[in-house]
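Q: Those protein sequences? They're chains L and P, same order as listed. Under full-length UniProt numbering, the first residue of the first sequence is numbered 1, with each subsequent residue one higher. Under full-length UniProt numbering, the first residue of the second sequence is numbered 1, with each subsequent residue one higher.
Hints were generated in silico from the structure; no laboratory data involved. What you were told as hints is all true, and nothing was included just to trick you.
Each pair of labels, with its calculated beta carbon distance range:
{"no.": "1", "chain 1": "P", "residue 1": "N106", "chain 2": "L", "residue 2": "L163", "range": "44 to 50 angstroms"}
{"no.": "2", "chain 1": "P", "residue 1": "R116", "chain 2": "L", "residue 2": "A93", "range": "50 to 56 angstroms"}
{"no.": "3", "chain 1": "L", "residue 1": "E76", "chain 2": "P", "residue 2": "G69", "range": "44 to 50 angstroms"}
{"no.": "4", "chain 1": "L", "residue 1": "Q138", "chain 2": "P", "residue 2": "L71", "range": "55 to 61 angstroms"}
{"no.": "5", "chain 1": "L", "residue 1": "D168", "chain 2": "P", "residue 2": "I120", "range": "35 to 41 angstroms"}
{"no.": "6", "chain 1": "L", "residue 1": "V111", "chain 2": "P", "residue 2": "R116", "range": "36 to 42 angstroms"}
{"no.": "7", "chain 1": "P", "residue 1": "R165", "chain 2": "L", "residue 2": "I55", "range": "45 to 51 angstroms"}
{"no.": "8", "chain 1": "L", "residue 1": "V111", "chain 2": "P", "residue 2": "N106", "range": "34 to 40 angstroms"}
Here are the simulated DMTMM-like cross-link-like pairs (lysine to aspartate or glutamate), alpha carbons at most 20 angstroms apart as the crow flies:
{"no.": "9", "chain 1": "L", "residue 1": "K151", "chain 2": "L", "residue 2": "E116"}
{"no.": "10", "chain 1": "L", "residue 1": "K67", "chain 2": "L", "residue 2": "E164"}
{"no.": "11", "chain 1": "L", "residue 1": "K154", "chain 2": "L", "residue 2": "E112"}
{"no.": "12", "chain 1": "P", "residue 1": "K88", "chain 2": "L", "residue 2": "E5"}
{"no.": "13", "chain 1": "L", "residue 1": "K147", "chain 2": "L", "residue 2": "D104"}
{"no.": "14", "chain 1": "P", "residue 1": "K7", "chain 2": "L", "residue 2": "D104"}
{"no.": "15", "chain 1": "P", "residue 1": "K26", "chain 2": "L", "residue 2": "D40"}
{"no.": "16", "chain 1": "P", "residue 1": "K7", "chain 2": "L", "residue 2": "E76"}
{"no.": "17", "chain 1": "L", "residue 1": "K7", "chain 2": "P", "residue 2": "D91"}
{"no.": "18", "chain 1": "P", "residue 1": "K26", "chain 2": "L", "residue 2": "D28"}
{"no.": "19", "chain 1": "L", "residue 1": "K67", "chain 2": "L", "residue 2": "E97"}
{"no.": "20", "chain 1": "P", "residue 1": "K37", "chain 2": "L", "residue 2": "D28"}
{"no.": "21", "chain 1": "L", "residue 1": "K151", "chain 2": "L", "residue 2": "D33"}
{"no.": "22", "chain 1": "P", "residue 1": "K7", "chain 2": "L", "residue 2": "E5"}
{"no.": "23", "chain 1": "L", "residue 1": "K7", "chain 2": "P", "residue 2": "D80"}
{"no.": "24", "chain 1": "P", "residue 1": "K88", "chain 2": "P", "residue 2": "D72"}
{"no.": "25", "chain 1": "L", "residue 1": "K75", "chain 2": "L", "residue 2": "D155"}
Just so you know, even glycine gets a beta-carbon here, dropped at the ideal spot from N, CA and C.
What follows is the residue order along each chain.
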Amino acid sequence: MARREVKRVNGELFTMTYGALVAQLLEDYESDDEVNKQLDKMGYNIGVRMVDDFIANTNTERCGSFKETCTTLAKEGFRMFLGVTATISNWTADDKECTLTIDDNPLVAFVELPDEHRELNYCNMYCGAIRGALELLQYRTRVTMTKDVLKGDKDTQLTITLLEVLDDVPPPED
Amino acid sequence: MATTALKTTSLSAVEFLVAEICRGSKDIATTHDARYKHVEAIGYRTGLALFESHSACISEAKKNMRFQGELDVIKYLCKDMWQVIFQKQIDNLRTNHKGVYVLHDNQHPMLTHLPRTIPIDENVQLLLAYPCGVIKGGLAALGITASVSAEITALPACKFNLDVRRA
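For reference, chain L alone in the conformation it holds in the complex (with noise of 0.2 angstroms):
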């Protein structure tokens, strides 16, 4: 089946958007603390269904495993939605966790954290979104910000650790 063809738009509308989102919420919430949960929560609603619109628009195939699903999620996934790649390494011998690195993270374009904002990451709607879109292919995640260019680090990474790969549930018996 052909790749159906993703309508794309200026990449400046996206950042921008996110960085009035990201403003107005400093406003609306008391605290750093609650604006990172905020962000977290929206990205997950948006995490899940990115998975759909992805299924939906290329040929990939099935992943079989979690580090498969990981990779899949940083090259494919990050190019398809923003237009840029990014990097998973350093898995523990297990397979259970890795860090995910955002070269050239387009969410930070312009932006400058001021001093009385040291609590929040700016960035937290990726956490989210990929423990949005890990879930709903079954696999539970804790992702961190461990990285934050914002911060003065030279990237952006994120954490990410399975918990727990999630059974199938059976439609309720009627």
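Position chain P against the provided structure of chain L, taking the given hints into account.
A: Then chain P, alone, in the frame of chain L:
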């Protein structure tokens, strides 16, 4: 300033983000009006940022900027700005030459994925608060204050009504 090639994201990434912004507004505001204002404010900031000088968008679109008057700015919005943002132009522009403009978008990107049969209710209105805000913010960056509202004719077409307040 070095001009880098403009990167793109999928339209769906923006759609999902905007849908989430609309849903998230329900955690903050209780009335439809307050939610509408919240979403519009995010659109406004977006439009303003996109067309302020530090953005690559403006340098891309600026090439054709030759403003004689207000109508030129609105034309610029319909052709260049819309093209830079959504990679399409507004299909039709009408004006009464007294500050009221009607912009017809026959395939509005924020609406193309909605099923044709969904009821045009408050949720759809909320979704349109975003492009209304973007237009308002983009015009503000070019020095024009306008009130903007959207009407759906038949999905995925809609029209934006601009009312430019004369100082």
